[in-house]
Amino acid sequence: MWIKVLLLIALAIVFVLGLRAPRGARHLALRRMGMGAFVLFAGASVIFPEIWNAMANALGVGRGTDLLLYTLIVACLVYVASSYLRFRELEAKVTLLARRIALDEASAPVFPVPEEVPPGRDDNQQRPISGR
Amino acid sequence: MNDDVWLIVPLFNEGAVIRDVVEDALQVFSNIVCVDDGSVDDSGAQAFAGGALVVRHPINLGQGAAIQTGLDYARAQQGSRYFVTFDSDGQHQAADALAMVNRLRSGDVDIVLGSRFLDDRTDVGPIKKVVLKVAVAFSNATTGVHLSDAHNGLRALNRVAARSLQIKQDRMAHASEIVEQIGKCGLRYAEYPVHIHYSDYSRNKGQSLLNSVNIMAELLYK
Numbered sequence: 001m002w003i004k005v006l007l008l009i010a011l012a013i014v015f016v017l018g019l020r021a022p023r024g025a026r027h028l029a030l031r032r033m034g035m036g037a038f039v040l041f042a043g044a045s046v047i048f049p050e051i052w053n054a055m056a057n058a059l060g061v062g063r064g065t066d067l068l069l070y071t072l073i074v075a076c077l078v079y080v081a082s083s084y085l086r087f088r089e090l091e092a093k094v095t096l097l098a099r100r101i102a103l104d105e106a107s108a109p110v111f112p113v114p115e116e117v118p119p120g121r122d123d124n125q126q127r128p129i130s131g132r
Numbered sequence: 133m134n135d136d137v138w139l140i141v142p143l144f145n146e147g148a149v150i151r152d153v154v155e156d157a158l159q160v161f162s163n164i165v166c167v168d169d170g171s172v173d174d175s176g177a178q179a180f181a182g183g184a185l186v187v188r189h190p191i192n193l194g195q196g197a198a199i200q201t202g203l204d205y206a207r208a209q210q211g212s213r214y215f216v217t218f219d220s221d222g223q224h225q226a227a228d229a230l231a232m233v234n235r236l237r238s239g240d241v242d243i244v245l246g247s248r249f250l251d252d253r254t255d256v257g258p259i260k261k262v263v264l265k266v267a268v269a270f271s272n273a274t275t276g277v278h279l280s281d282a283h284n285g286l287r288a289l290n291r292v293a294a295r296s297l298q299i300k301q302d303r304m305a306h307a308s309e310i311v312e313q314i315g316k317c318g319l320r321y322a323e324y325p326v327h328i329h330y331s332d333y334s335r336n337k338g339q340s341l342l343n344s345v346n347i348m349a350e351l352l353y354k
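Here the protein sequences line up with chains P and V, keeping their order. Counting along the first sequence from 1, when you hit position 52 you're at 52 in my numbering, and nothing is skipped either side. Count along the second sequence starting at 1, add 132, and that's the number in my numbering.
There could be a bad hint or two in this list.
Cut-off 20 Å, straight-line C-alpha distance, at most; resulting in silico cross-link-like pairs (EDC-like, lysine to aspartate or glutamate) [stated by the list, open to error]:
| # | chain 1 | residue 1 | chain 2 | residue 2 |
| --- | --- | --- | --- | --- |
| 1 | V | LYS260 | V | ASP219 |
| 2 | V | LYS300 | P | GLU50 |
| 3 | V | LYS300 | V | ASP252 |
| 4 | V | LYS265 | V | ASP252 |
| 5 | V | LYS300 | V | GLU350 |
| 6 | V | LYS316 | V | ASP332 |
| 7 | V | LYS300 | P | GLU91 |
| 8 | P | LYS93 | V | ASP219 |
| 9 | V | LYS261 | V | ASP251 |
Read the hints as simulated data drawn from the structure, not as lab findings. All values reported here derive from a predicted model rather than from experimental measurement.
All chains should be built: construct the whole structure from the sequences, respecting the hints.
Have a look at this one:
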């Protein structure tokens, strides 16, 4: 029965990860270490394929192949969530670039306008659109 | 004549009607910027022929991105004080926009949002009405901003509001995002009754109700 709990937890993590992905160098390092561990484990399971059966038995799954399939599905979902996030980030950058091009190409003259600080917003969050 | 007002019209493949829409609005407002969102027809040229300024996205980004580009452009124009987001398919009335700007001129609010449900001029279909009302209830519950309509494209903003908004939702979820930011930035807001003219043309081009699923997903997974 442990496998059900584990799988549900894994699915919940994927859902939350999609909502708010952790960022930063620390997280990147953790992810890379995880990736390294994954490769080592993959190598180990090539050399000792029976460890899947042992793990499956410990978790209450019938065969090692079944456990492998479950893991594969979760891994696939993680991939979907993380590539979606990366895609959204890339899209945001493309938007800023395209906007910059559109404004630069606009025919009418653009004059700088003095700005006050808007309510509830840091100055450094402002995009420097009018500052030319 | 309303020289301090800029009409911001996000424009995507509306070549058939945009010229009339622009010429009509020019009767009331002298400054119109159409943000051509990478149209594949002659929308940009038609808008220009009608007398609007045209800013062109090199690729299609979505209506939210077009509105933000229009705001950035109009804010940088000398003497601009009020900004109106106005649909390109002819469903909005320039007279409503003018009334909303006049409401802003009184100085007690930063943003005026059009609403279809404050009077009975607009004929909203029964299914659409239910979906909109659910969206309104959701929006009121999650943003702390209390409105009677959701996803109404007619809005009037002063400089404070225009500067505070940072639309990051490129596609249709920007309407909810704007309401969310009104709440977060503490902008003073009001609603104004507007008449949405659903022509056969705009009905055919309008959003499918299924699109509300996309909007929910975009808001959740931003």
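Problem - Structure versus earlier hints - violations, ascending order - result: Failing hints, ascending: 2, 3, 6, 8.
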